[in-house]
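Chains as they are written, first to last, in this note's numbering: chain A, 1 to 407; chain B, 1 to 407.
Heads up, some of the hints might be wrong.
[As the list claims (entries may be wrong)] Quick look at which bits of chain A chain B covers, simulated, 3 or more residues with Cβ under 8 Å: (1) 14 to 23; (2) 90 to 96; (3) 238 to 247; (4) 386 to 392.
Source of the hints: derived by calculation from the structure; they are not laboratory data. Treat the numbers as computed from the prediction; the structure is a model and nothing was measured. Beta carbons are placed, not taken as given, at the ideal position from N, Cα and C, and that holds for glycine.
Now for the letters of each chain:
There are 2 protein chains.
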Amino acid sequence: MENKIYFDRSAKQFEAKKNLLAKIKTESKSIGYYNLPNQDISEILEFSKNFDESIENIVVLGIGGSSLGSKAIYEFLKPIKTPKRKLFFFESTDPLNIADTLKQLDIKKTHFLIISKSGGTVETISIFKYIYAPNPNKENYTFITDKGSNLDKFAEKLGSKRFYLPENVGGRFSVLSVVGLIPLALCGIDIKELLQGAKEVSNSFFTDGLLKDPLLDKAYYYANNHDVYNINCIFAYSETLKYFTEWYVQLWGESLGKNQRHASCNVGLTPIGLIGPKDQHSFLQLIMEGKRDKSVTFIKLAKFEHEMYVPPITLEHLEALDTLNNIAFHDLINMQCDSVIEALKNEKKIPLDEIVLPAVNASSIGALMYYYELLTSLTGELLDVNTYDQPGVEAGKIILKEKLETY
Amino acid sequence: MENKIYFDRSAKQFEAKKNLLAKIKTESKSIGYYNLPNQDISEILEFSKNFDESIENIVVLGIGGSSLGSKAIYEFLKPIKTPKRKLFFFESTDPLNIADTLKQLDIKKTHFLIISKSGGTVETISIFKYIYAPNPNKENYTFITDKGSNLDKFAEKLGSKRFYLPENVGGRFSVLSVVGLIPLALCGIDIKELLQGAKEVSNSFFTDGLLKDPLLDKAYYYANNHDVYNINCIFAYSETLKYFTEWYVQLWGESLGKNQRHASCNVGLTPIGLIGPKDQHSFLQLIMEGKRDKSVTFIKLAKFEHEMYVPPITLEHLEALDTLNNIAFHDLINMQCDSVIEALKNEKKIPLDEIVLPAVNASSIGALMYYYELLTSLTGELLDVNTYDQPGVEAGKIILKEKLETY
Numbered sequence: 001m002e003n004k005i006y007f008d009r010s011a012k013q014f015e016a017k018k019n020l021l022a023k024i025k026t027e028s029k030s031i032g033y034y035n036l037p038n039q040d041i042s043e044i045l046e047f048s049k050n051f052d053e054s055i056e057n058i059v060v061l062g063i064g065g066s067s068l069g070s071k072a073i074y075e076f077l078k079p080i081k082t083p084k085r086k087l088f089f090f091e092s093t094d095p096l097n098i099a100d101t102l103k104q105l106d107i108k109k110t111h112f113l114i115i116s117k118s119g120g121t122v123e124t125i126s127i128f129k130y131i132y133a134p135n136p137n138k139e140n141y142t143f144i145t146d147k148g149s150n151l152d153k154f155a156e157k158l159g160s161k162r163f164y165l166p167e168n169v170g171g172r173f174s175v176l177s178v179v180g181l182i183p184l185a186l187c188g189i190d191i192k193e194l195l196q197g198a199k200e201v202s203n204s205f206f207t208d209g210l211l212k213d214p215l216l217d218k219a220y221y222y223a224n225n226h227d228v229y230n231i232n233c234i235f236a237y238s239e240t241l242k243y244f245t246e247w248y249v250q251l252w253g254e255s256l257g258k259n260q261r262h263a264s265c266n267v268g269l270t271p272i273g274l275i276g277p278k279d280q281h282s283f284l285q286l287i288m289e290g291k292r293d294k295s296v297t298f299i300k301l302a303k304f305e306h307e308m309y310v311p312p313i314t315l316e317h318l319e320a321l322d323t324l325n326n327i328a329f330h331d332l333i334n335m336q337c338d339s340v341i342e343a344l345k346n347e348k349k350i351p352l353d354e355i356v357l358p359a360v361n362a363s364s365i366g367a368l369m370y371y372y373e374l375l376t377s378l379t380g381e382l383l384d385v386n387t388y389d390q391p392g393v394e395a396g397k398i399i400l401k402e403k404l405e406t407y
Numbered sequence: 001m002e003n004k005i006y007f008d009r010s011a012k013q014f015e016a017k018k019n020l021l022a023k024i025k026t027e028s029k030s031i032g033y034y035n036l037p038n039q040d041i042s043e044i045l046e047f048s049k050n051f052d053e054s055i056e057n058i059v060v061l062g063i064g065g066s067s068l069g070s071k072a073i074y075e076f077l078k079p080i081k082t083p084k085r086k087l088f089f090f091e092s093t094d095p096l097n098i099a100d101t102l103k104q105l106d107i108k109k110t111h112f113l114i115i116s117k118s119g120g121t122v123e124t125i126s127i128f129k130y131i132y133a134p135n136p137n138k139e140n141y142t143f144i145t146d147k148g149s150n151l152d153k154f155a156e157k158l159g160s161k162r163f164y165l166p167e168n169v170g171g172r173f174s175v176l177s178v179v180g181l182i183p184l185a186l187c188g189i190d191i192k193e194l195l196q197g198a199k200e201v202s203n204s205f206f207t208d209g210l211l212k213d214p215l216l217d218k219a220y221y222y223a224n225n226h227d228v229y230n231i232n233c234i235f236a237y238s239e240t241l242k243y244f245t246e247w248y249v250q251l252w253g254e255s256l257g258k259n260q261r262h263a264s265c266n267v268g269l270t271p272i273g274l275i276g277p278k279d280q281h282s283f284l285q286l287i288m289e290g291k292r293d294k295s296v297t298f299i300k301l302a303k304f305e306h307e308m309y310v311p312p313i314t315l316e317h318l319e320a321l322d323t324l325n326n327i328a329f330h331d332l333i334n335m336q337c338d339s340v341i342e343a344l345k346n347e348k349k350i351p352l353d354e355i356v357l358p359a360v361n362a363s364s365i366g367a368l369m370y371y372y373e374l375l376t377s378l379t380g381e382l383l384d385v386n387t388y389d390q391p392g393v394e395a396g397k398i399i400l401k402e403k404l405e406t407y
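Input sequences plus hints: build the corresponding full structure.
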């Protein structure tokens, strides 16, 4: 992948960048996600190779970090190759949604992955109970959780297959661990290629330095200007990246919205996911003429793996649109993206950059996700927050617990 | 619907509010959307009653204001009642998306609605050409456009059925016009009830004054604090409202992100759509501990029309979660919402309010959408912007036109 930056890259911060890089290198020894591209996946490959061929549907019971990553990758790749099995998600306690999703499943051909790091997630366990009560067959379930969690103990007692999260890998950084790899491998997605893409970005940042400067410069820019540009938009020109942007929203928002470690100020950068060209007809006006509080990163696909052209016909009274004739749709969508970038470059004070993915394949999305994980770690370090915790969500959980106890 | 406000409502602005109300009453005589709840829909009902019964799929070729509204309503109601026909949307020039959507359609059982106010939308016409070239049968298409547009003239020549947008109704305010009503009526949705819901909000604002104060107070708060609270989140506790939030993003962002009429400053309020409880595991941390730059409106459903309970089983080692036993999922999701509201009330400087919809029906969603249209008009007036235009998107269109001409 390639990353072009259009805002002013201050060359002055050479020493500061060197220090940041050193800090991240130290952090990478204790925070688990950095090393996931190099993990041994033989057990996962073995598990998926020997998996019951009669199973047509894989269902993830998981929420947030347990679902957003695998969904992003599955939905990115689905349009170019029909998956070996269909992937479904239960992510809500909304009864309409649970009923609607269940309607689509033949339980006999379905396997459930219960994914919860702590094992005590209210949404996951309530839906699991709903499904398990009439289907108490241990073969229908695989559990992915922390070793020693109560869910692990339950699964052991039940006699179901278990996988464990590696140490020090938080939910929103877990897509390249068993959390993402198990469901994706069962759907026939090439997880080796996925990790290879991530590994290339890791090398390009830590070793040969190709992506080092764009990543450091972006992190510096976002952190230094966080009070003015408090909103960071991704504008991705392909419908296939819709769920990637949802994954990005969790990663960026939950990692960087914090009380600072030293100053105790409330800081945070607000992520927004946009899809082009659709959101040219929605959000673009606000970027162009609204308050200068947004940065925008465009993401383009160099190749769409799909040849499709506008037929060369003339529609009476619509001759002005004959300029569309014979154009490949993949050229059209990228021209639309380039036109918006050019238009925004003419505006003042909107920091822009552009990421180009080579193609719709597992390697591209693995690279993109690892790139964003690195960017999040770098920016969090500069904002002086703990990038890897989420203490703010506890208060609501405690109130819910009290409500449940008196229900 | 009911709207409870938890931030400080200044009682001092009595005169200012009276003036604002007077301005909006004047505006409502020229801006077309205000009066849509009272329109004559007999032609639409007749058209849908006599529609070819062999047609199973309705496809909207339209983007932005031509698609977001009908999609929001269709997706809101779909889980409680299987629609008479399925509704599809082509909203992108992404070839993977076009191919993927086409695969799901039996063209013989499909009718296409081409919706474009101006008639010259690049996305809509390029996809129309792709579909029309091999299927040049006038019976397969209905056109919804401005009277006298080039698309109108083309459709007249072709001999297809045409419907016209009423005067002075912009795309993003057009959901309750033919733009939304035709596709929804063809899918068997009760459009009379939809308009009735909107009418009740209109009466409640303009006549009996029940919703007048919450709407005026909210508009004042958002406008007066737009520089501090530049982000307005909707946190809706039902998956059925996911596409409503996408409609809201266009309405709010494109209406309010502008150069001011008098001061020529770039102003704007950034809309964000969140779905609970899912986004408790994503965005909530940023709201709780991040920068105080966000207001949050919670939307709840009083009734879900679906009885479903957590079975009263005990899972060994997970006994702590037995508090979930026998709870109705619709109570659980609303308790989750209430818990988050309580937790946020304990934080400082996060302006909150809460909207409760009585049920999942056409009247509720009609009311909610009209409520948000009014709120947008009121806030736009106070921000001193033209709420109804979108000049900022033209620059990109001009650049694209040049690129197409030299392709």
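**Study point:** Contradicted hints - numbers only
**Key:** As far as the earlier hints go, only 1 is violated by this structure.
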